[in-house]
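These protein sequence lines map, in sequence, to chains A and B. If you count the first sequence from 1, position 458 lands on 443 in this note's numbering, and the numbers rise without skipping. In this note's numbering, each residue carries its 1-based index in the second sequence increased by 296.
Watch out, some of these pointers could steer you wrong.
20 Å max Cα-Cα, derived SDA-like pairs, lysine to any residue [as the list claims (entries may be wrong)]:
1. K458(A) / N437(B)
2. K335(A) / R459(B)
3. K346(A) / K361(B)
4. K265(A) / P314(A)
5. K415(B) / A225(A)
6. K346(A) / K314(B)
7. K335(A) / Q344(B)
8. K532(B) / Q344(B)
9. K367(A) / I375(B)
10. K415(B) / V333(A)
11. K308(A) / P409(A)
12. K314(B) / K336(B)
13. K335(A) / N437(B)
14. K361(B) / Q344(B)
15. K367(A) / G428(B)
16. K434(A) / Q344(B)
17. K415(B) / P126(A)
18. K454(B) / R330(A)
Have a look at the derived ranges for each label pair, beta carbon to beta carbon [to be verified]:
19. E332(A) / G548(B): 43 to 51 Å
20. G420(B) / R454(A): 22 to 30 Å
21. S343(B) / R454(A): 34 to 42 Å
22. E332(A) / R581(B): 42 to 50 Å
23. D347(A) / R425(B): 23 to 31 Å
24. N547(B) / E332(A): 29 to 37 Å
25. G328(A) / E332(B): 33 to 41 Å
26. R581(B) / R454(A): 51 to 59 Å
Keep in mind that the hints were calculated from the coordinates and are not lab data. From the three backbone atoms N, C-alpha and C, an ideal C-beta is built for every residue, glycine too.
Residues per chain are reported as follows:
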Amino acid sequence: MVGIASFGGYIPRLRLSRKSIVDANGWFNGALRAHAKAERAICSWDEDALTMAVEAARDALADRPRDAFKALYLATTSAPFEDRQNAGIVAQALRLGEAVNTMDVGASQRAGTTGLVAALDAVAARGGPVLFVASDKRRAPAASPAELLYGDGAAALILDRADGVAKFIGSRSASVDFVDHYKGKGREFDYGWEERWIRDEGYLKIVPPVIAALLAESGTRPAEIAHFCLPCTLPRVAQAIAKQAGIHEASLRPNLDGQCGDTGAAHPLVMLVHALQEAKPGERILVTSFGNGSDALLFEATADLPAMQQARRGVVGSLKRRKEETNYPKYLAFNDLVKMERGLRAEVDKQTPLSTLYRNKDMLLSLIGGKCERCGTVQFPKSNICVNPNCRGRHTQVDQPFSEFGGRIMSYTADNLTYSPEPPAHYGMVQFAEGGRMMVDFTDVDVGKVEVGMPMRMVFRIKEVDPQRGFTKYFWKASPAGDAKEV
Amino acid sequence: MAKGIRDKVAILGMGCSKFGERWDCDADDLIVEAYEEAAKDAGIETSQIDAAWFSTAIEEQHVGKSGVPLAMALRLPYIPVTRVENYCASGSEAFRGATYAVASGACDIALALGVEKLKDTGYGGLPQRGRGALNSMFWANVSAPGSFAQLAAAYRAKHGVSRDDLKKAMAHISVKSHDNGSRNPKAHLQNKITEDAVLKAPMVAEPLGLFDCCGVSDGAAAAIVTTPEIARSLGKRDLISVKALQLAVSNGEEAQHNSWDGSYFATARAAAKRAYQEAGIDKPREQLSLVEAHDCFSITELVTMEDLFISPEGGAVKDVLDGFYDAEGKVPCQIDGGLKCFGHPIGASGLRMIYEIYLQMLGRAGARQRDQEPVRGLVHNLGGFPHQNVCSIAIIGKHGA
Chain A
-14 MVGIASFGGY
-4 IPRLRLSRKS
6 IVDANGWFNG
16 ALRAHAKAER
26 AICSWDEDAL
36 TMAVEAARDA
46 LADRPRDAFK
56 ALYLATTSAP
66 FEDRQNAGIV
76 AQALRLGEAV
86 NTMDVGASQR
96 AGTTGLVAAL
106 DAVAARGGPV
116 LFVASDKRRA
126 PAASPAELLY
136 GDGAAALILD
146 RADGVAKFIG
156 SRSASVDFVD
166 HYKGKGREFD
176 YGWEERWIRD
186 EGYLKIVPPV
196 IAALLAESGT
206 RPAEIAHFCL
216 PCTLPRVAQA
226 IAKQAGIHEA
236 SLRPNLDGQC
246 GDTGAAHPLV
256 MLVHALQEAK
266 PGERILVTSF
276 GNGSDALLFE
286 ATADLPAMQQ
296 ARRGVVGSLK
306 RRKEETNYPK
316 YLAFNDLVKM
326 ERGLRAEVDK
336 QTPLSTLYRN
346 KDMLLSLIGG
356 KCERCGTVQF
366 PKSNICVNPN
376 CRGRHTQVDQ
386 PFSEFGGRIM
396 SYTADNLTYS
406 PEPPAHYGMV
416 QFAEGGRMMV
426 DFTDVDVGKV
436 EVGMPMRMVF
446 RIKEVDPQRG
456 FTKYFWKASP
466 AGDAKEV
Chain B
297 MAKGIRDKVA
307 ILGMGCSKFG
317 ERWDCDADDL
327 IVEAYEEAAK
337 DAGIETSQID
347 AAWFSTAIEE
357 QHVGKSGVPL
367 AMALRLPYIP
377 VTRVENYCAS
387 GSEAFRGATY
397 AVASGACDIA
407 LALGVEKLKD
417 TGYGGLPQRG
427 RGALNSMFWA
437 NVSAPGSFAQ
447 LAAAYRAKHG
457 VSRDDLKKAM
467 AHISVKSHDN
477 GSRNPKAHLQ
487 NKITEDAVLK
497 APMVAEPLGL
507 FDCCGVSDGA
517 AAAIVTTPEI
527 ARSLGKRDLI
537 SVKALQLAVS
547 NGEEAQHNSW
557 DGSYFATARA
567 AAKRAYQEAG
577 IDKPREQLSL
587 VEAHDCFSIT
597 ELVTMEDLFI
607 SPEGGAVKDV
617 LDGFYDAEGK
627 VPCQIDGGLK
637 CFGHPIGASG
647 LRMIYEIYLQ
657 MLGRAGARQR
667 DQEPVRGLVH
677 NLGGFPHQNV
687 CSIAIIGKHG
697 A
């Protein structure tokens, strides 16, 4: 007996209006105009698949103990590192401890569901809890349809040996080397084939048999499916598949194309979390995927689900936490899709001494500071001698995580001088209710909307990228807490 | 407390190069320019100098490390030369080294010389530079204006000052410094400005606009110090001597402990208290004739007037707007234009401030000479960030005063 114990979601706050993309590129490819509606989620310059994964996982973790996890699986096709385990970075940021088994799953749009099937099997075989996170931020060339259809986002599930909020009924998979698109080694972008062929020979022939097999195997009548998650942006495909399978068209889940776009390998899980936030106890949820084959997973919501629906930001809350962006060139700049004059100040060497990083990984990736056992003073960074002038205890500090602390702005500025991919750079002193303070970068703030006393929460973000060596540096930043949970 | 430095060391001579965008000069040209004036003023030969302290903070932009660049530039005869760096307070650090050497008796005559050649970066403002391997990984993306700008946010929150009132007082500070700089032929910026221009200037780091920020300059300054006895033996009358030299360095309390509210400099208050005690000053508002403060930004000067216990806490806005610190005010601040207009070649700045006090004491400040005869002047030289800094306070005055 295996189920979903908790779920979480994260969609970046910025939503790029598709009209702004088409306004810029329609002169070149008039066919893009068909997509000039609604918006897609885009990462800010300091977000990627890993930072989104951490945020989705934090939502799912809530107040759970962090050290009990048997495994963390990360599914993504947009990992920042080819050889440095990306799941390991997420686990370090989440403070899951070194005993956790971490694994990256990728190389297919099916990575989210294939990985989830494997994770559920692992829980069935060896117990839980297991944290499963899917996150994607796919790059697309300017003026491509993909640029309009893709979106950025992440979803997280905690799996355990109990029914939880949604009981796992079963799964079926098909592995088919159907190349609707591919990304070759060292290539920046996907290369894709004609949509009509993908629809007729791909979706419509590969997905229905997998669904039929799963329903038959689990003794589920198609009409029992209350929520059918099928990530597909091709028109009328989901309806056709539902019809073939005998599933009510009304149970088709919205593909969120107009809200966040197609979040790639994360999208089946993003749609699942979205469904979990609206499902009623007893309802069955079918999650399918398409990518070099297809996976189908079946869940049933339990009586415990409604309570968790109130307690999670999930996808619903993330979608409400929204800021429209109409500046398409800014999106191009954030994603390094245009050659920008970044100024002489951007030229400083950004090499990371890996030995320094390793020695300080708890502080840098996990945001762990110190707490003096003698006087109780919480301080960042952790140090040999207590900062409290009335204590000065030596070697008295134990690890104190800061990531879940709530803080308030004590002082701040909006800096136009220092180099930032998004000027002005906002930063300031944040003082935490639990004790301690930090001069820290702010993120997701709006010019003119920052003030002393504003409540902030800490988020795991990209500190900077070393373009010379292809190294992404992460640290934590302060983000407005007010809109963190728009439930 | 130790007896301190009061009247143990006299200034034998000082020099200062023209500050500004010295496109045609390397650092050694600036060093020689400041040194020649100082040596002539002191009336000594290079061979009479027993030891030297050399201050420069961003050496990777010009001279590189060590004391060698000074020894090479001046062809010093194999004497001890120590290079010092302590953020923007480096110039005061060189002065402290030379003064302490004389006070100890180890040297009869010592040289302090600071230089910075900053205008070879290709852009305005201070150079972007490394902060140390680990610091670079977690420090906020701070610039100098961005870190000092935060004083304004915290000061407003603490004292209930409106954004506009504070900005007006800050503007007054900059207008005043430009007025003063216009009377200083060595100043980097010698133009007068209006309050309106300050308020309408482009924003650098909120709420600091372009005119709230000091100039980044090339320049050098030098001091030659000795004992009062030797100064007299060399024919000096009207001795100007060192009354106090204090330095306070942040230990992390401001950055990490919730006891500091961000609206003032904890270091400046500590250093000022000790300096007044060392100099025998108990009423700074009455006893100081002049102040050279480290006005890297207008807001720094404003809060510093409180940290030096000249304005009451929360009272600097009123004093500034009342003209208390103007050239004709009770205690002129930056009578030479300050960092704002004289300029800020980092390693030279502390020495430049002492130079101005020295000139004023001797009545040699030309068009900007204070009418009322100055007796004691305070030099406040600061480096780093409000939450993590080095603050030096030197008090210079008429010998015996």
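Now for the hints, and whether the structure bears them out:
Distance hint between K458(A) and N437(B) is fulfilled; the C-alpha atoms sit about 13 Å from each other, no more than 20 Å. Restraint check for K335(A) and R459(B): the C-alpha separation of about 37 Å exceeds 20 Å, so the hint is violated. With a CA separation close to 32 Å, the supplied pair K346(A) and K361(B) exceeds the 20 Å bound. Between K265(A) and P314(A), the direct Cα distance comes to roughly 43 Å. Violation of the 20 Å bound is thereby established for this hinted pair.
The hinted pair formed by K415(B) and A225(A) fails the criterion: a straight-line CA distance of about 69 Å is larger than 20 Å. Between K346(A) and K314(B) the CA atoms are separated by roughly 48 Å; this puts the pair beyond 20 Å, and the hint is violated. The hinted pair formed by K335(A) and Q344(B) fails the criterion: a straight-line CA distance of about 47 Å is larger than 20 Å. Annotation: proposed proximity of K532(B) to Q344(B) holds, straight-line Cα distance about 16 Å (limit 20 Å).
Proximity of K367(A) to I375(B) is assessed by CA-CA distance (about 43 Å); at most 20 Å being required, the pair is judged violated. Distance restraint check for K415(B) and V333(A): the Cα-Cα separation of roughly 17 Å lies within the 20 Å cut-off, and the hinted pair is therefore satisfied. Distance restraint check for K308(A) and P409(A): the Cα-Cα separation of roughly 17 Å lies within the 20 Å cut-off, and the hinted pair is therefore satisfied. Distance check on the hinted pair: K314(B) and K336(B) sit about 16 Å apart at the alpha-carbon level, within 20 Å; holds.
Distance hint between K335(A) and N437(B) is fulfilled; the C-alpha atoms sit about 13 Å from each other, no more than 20 Å. With a C-alpha separation of about 25 Å, the suggested pair K361(B) and Q344(B) falls outside the 20 Å cut-off, and the hint is violated. For the hint pairing K367(A) with G428(B), the CA-to-CA distance comes to about 17 Å; that is within 20 Å, so the pair holds. For a cut-off of 20 Å, the pair hint linking K434(A) to Q344(B) is broken: about 62 Å separates their Cα positions.
In summary, the hint linking K415(B) to P126(A) is not supported, as the alpha carbons are separated by about 40 Å, beyond the 20 Å threshold. With a C-alpha separation of about 34 Å, the suggested pair K454(B) and R330(A) falls outside the 20 Å cut-off, and the hint is violated. Checked against the given bound of 43 to 51 Å, the beta carbons of E332(A) and G548(B), roughly 31 Å apart, lie outside it. One distance hint, 22 to 30 Å for the beta-carbon pair G420(B) and R454(A), holds here, with the actual separation near 29 Å.
At roughly 52 Å, the beta carbons of S343(B) and R454(A) sit outside the given window of 34 to 42 Å. As the Cβ distance of E332(A) to R581(B) is approximately 47 Å, the hint placing it in 42 to 50 Å holds. Checked against the hint of 23 to 31 Å, the C-beta distance between D347(A) and R425(B) comes to roughly 27 Å, which is consistent with it. Remark: the range hint 29 to 37 Å for N547(B) to E332(A) is upheld by a beta-carbon distance near 33 Å.
Judged by the Cβ atoms, the range 33 to 41 Å given for G328(A) and E332(B) holds: they are separated by roughly 38 Å. Our hint of 51 to 59 Å for R581(B) and R454(A) holds, since their Cβ atoms are close to 56 Å apart.
In summary, the numbered hints that this structure violates are 2, 3, 4, 5, 6, 7, 9, 14, 16, 17, 18, 19, 21.
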